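Please build the complex by placing chain B on the supplied structure of chain A, with the hints as guidance.
Protein chains: 2
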Amino acid sequence: MKKIGVGLLGIGVIGSEVATVLKDRQDIISKEVGAEVYLKRIKVLEKDLERPVVRNFDRSIFTTSDDEFFNDDDIQIIIELIGGEHPAYDYQKKALESGRHVVTANKEVLGKHLIELLDIANEKEVTLNYEASVGGGMPLIAPLSRDLILNNVNSLYAIINGTTNYILTKMTESNQSFEETLKDAQRLGFAEANPVKDIDGWDATYKLAILTDLAFRTVVNPDDIYREGITNLHSIDFDFAKKMGYSIKLLSIAKQVRDKLELRVHPTFIPEINPLSNVNEVFNAAIINGDLTGDVTLIGKGAGPAPTSSSVVGDVIKAAKVINSGSFLPVVVHHEHKPLLSIDDIITKYYIHVTGTRDDLTAEINRSRIKALKIMQEGSECAILTDLTRESMLRSFVSALKEKYKVHNIIRVED
Amino acid sequence: MKKIGVGLLGIGVIGSEVATVLKDRQDIISKEVGAEVYLKRIKVLEKDLERPVVRNFDRSIFTTSDDEFFNDDDIQIIIELIGGEHPAYDYQKKALESGRHVVTANKEVLGKHLIELLDIANEKEVTLNYEASVGGGMPLIAPLSRDLILNNVNSLYAIINGTTNYILTKMTESNQSFEETLKDAQRLGFAEANPVKDIDGWDATYKLAILTDLAFRTVVNPDDIYREGITNLHSIDFDFAKKMGYSIKLLSIAKQVRDKLELRVHPTFIPEINPLSNVNEVFNAAIINGDLTGDVTLIGKGAGPAPTSSSVVGDVIKAAKVINSGSFLPVVVHHEHKPLLSIDDIITKYYIHVTGTRDDLTAEINRSRIKALKIMQEGSECAILTDLTRESMLRSFVSALKEKYKVHNIIRVED
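Just so you know, the sequences run in chain order A and B. One point on numbering: in my numbering, the residue at position 130 of the first sequence is 150, and numbering is uninterrupted. One point on numbering: in my numbering, the residue at position 296 of the second sequence is 316, and numbering is uninterrupted.
Since the hints were made in silico from the structure, they are not lab data. Computed from a predicted model, the values in this text were never measured in an experiment. Among the hints, a few may not be true.
Identical chains blur together in the list; that is why a pair holds if it fits in one copy or across any two.
Claimed, not checked - Straight-line alpha carbon distances no greater than 20 Å define the calculated DMTMM-like cross-link-like pairs of lysine to aspartate or glutamate that follow: (1) Lys-341 - Glu-193; (2) Lys-51 - Glu-145; (3) Lys-338 - Asp-78; (4) Lys-358 - Asp-47; (5) Lys-22 - Asp-204.
The following block holds chain A by itself, in its conformation from the complex:
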């Protein structure tokens, strides 16, 4: 039986689980692939050697040397689970250039460098596999890039950041402040010590860039995606949301609007009847609207070692099959940059939280070109729910409003 060696970069929480699954489920893996897939080497940092998980493996498979790792010709598949842009990107590039298949869960590297890495993979006739980079244990990359490939995607709505979804779920249940909730999440391991990339929406933005490439066959730079984090949400926003029949989620949105692509990541009011509004805690979800299929909804755990290792090792099987069947087909790489719609030109509904009375604000609305669907007053605070409005027009209305009232928050509404 042919033997296929796997090299693992990183032995953190996810890496440890992946190594364990590779070892414990070798029978399933080898049966599927028709070859013996085994963990040949794990590249770690000196300090990682103290981790308890290390004791579960033959000490000899660990190395702290890049050269020893990359010069090991038995390694045909390299799993990168370091995270962050560098050195992860450099390792992936080096792995592909040396003719190794790559499996990764790294959304930052792929959000920024997917196209370049796919080109290298095609040139070297190896595969780049990244199911775990978006949606954790939920199959999303594969269904989108393969099962739904014939569809022209009209829109994609996704909850793809577990940390923020956990925080928003807790803020909905309690009436804790964002700061308190974040502290709890960190204590419970649902948020990192440095949570900036999650709470500022970067993580969800990198992932949206990856999904956009697959769904809309276009390159997109994460910096060009409109992005808002969840740090400006207050418990009163959740109160108003609940009273109006909405929940608040950090939504990643991609839509084809005539000849332009509308891309945005921000907190969003979602009506309770929408399946996304009941996706809580660390669950992720995506609704893909294809022109043939109509809505396809996927929901699953977007984080955690076990779900993520299901996708990572699943990708190892796919790469190993390509190796064992001695076959390779280049993937279609999209180099075109489709034009993006400016955030000023999007048309949606808005929630506005203002200090003021219902009567005064009704008068302001009537004097403006904005149409309100609902104006709700709670004590001295008011919530305005607008009808569909062009963002630029909404902004000028709000700046006028600010001359007389304290405007606390503006949140887009999808229904």
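Coordinates of chain B only, in the frame set by chain A:
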């Protein structure tokens, strides 16, 4: 550029759409495959030649002759869209034995003959592709057999028959009888002239057999799956369900219970908080609980020409890639028959509709070993909601009850 010929068997509603998609989206297909995939021949019945769709294609690709079709060496992929067991099964077998890759949406043939056909495919080094056989346009076969392959599946709950789900949705909305609703569904094209296979649960049972093979790595004969159709549901059942916070769905259930497999297809009370309870009309859904991933939920349109053709032609691309890359890996075929749990031994909750008063039935319950969670009276009619009960015990309770009361219906409850 290499050319790969496709042969299509059947030009019904689905076949017409598939032929159209193959023609209209040839650019996407060829780009993905890296070869020119084209529709070489369509085998039809004499009468089909009158269909308007025929005029959209070069007359010369149509044939009514089996020999002309199967002797055409340009055909490397055969799509079977005839439906029913015969001659579809014979055609699929002939296609595989002649070294053609097969793509099909035929759940009856696969529900009954999947293992035999997969063995032939492996022997002939071709692929059998059947994404469209379950869930229409919703990716389900591929995620289950590929993306989630590392998981040991604990349970699978699915709504996989569009016709019955459409009827149940309408019976929930109106208080029409089953018979009236079925007539409407037939008039609107959501139910066939002969709807027996749908309304008696056969279709959902064939599909469950296919999913069970993938999820639990076992052969199962559809005749061994406990099955109840929806013909015995009355509007009063829907009234009681709504009042108790449930909806009624035809659910296909597969669970690992210790060393046995629990398989059943029947109308089921599902609590409104369960995502499956809001899957309406022709939408299908599946909740797969994997030991690594936890719950993975998939929702999409389970019927209709466009969604189905998305899956069928998606499979054509997969087969064409295997041909173009000159690669083939045998699939793992499961020949083991895992033991099934008898329906008498399942443990679940039950709804019982009885003519009688709340007081009388409470007395009966108290005299029995059954525990009731709720007893609701509407006029002369009563609904009992039991706690978890072994089916054999429930049956003896009901037969005792029948000596004194009119028992109209018993429906299992999942929550």
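Consistency of the hints with the structure:
no. : hint              : verdict
1   : Lys-341 - Glu-193 : neither (46 Å within a copy, 49 Å between copies)
2   : Lys-51 - Glu-145  : between (24 Å within a copy, 17 Å between copies)
3   : Lys-338 - Asp-78  : neither (26 Å within a copy, 39 Å between copies)
4   : Lys-358 - Asp-47  : between (45 Å within a copy, 19 Å between copies)
5   : Lys-22 - Asp-204  : neither (49 Å within a copy, 59 Å between copies)
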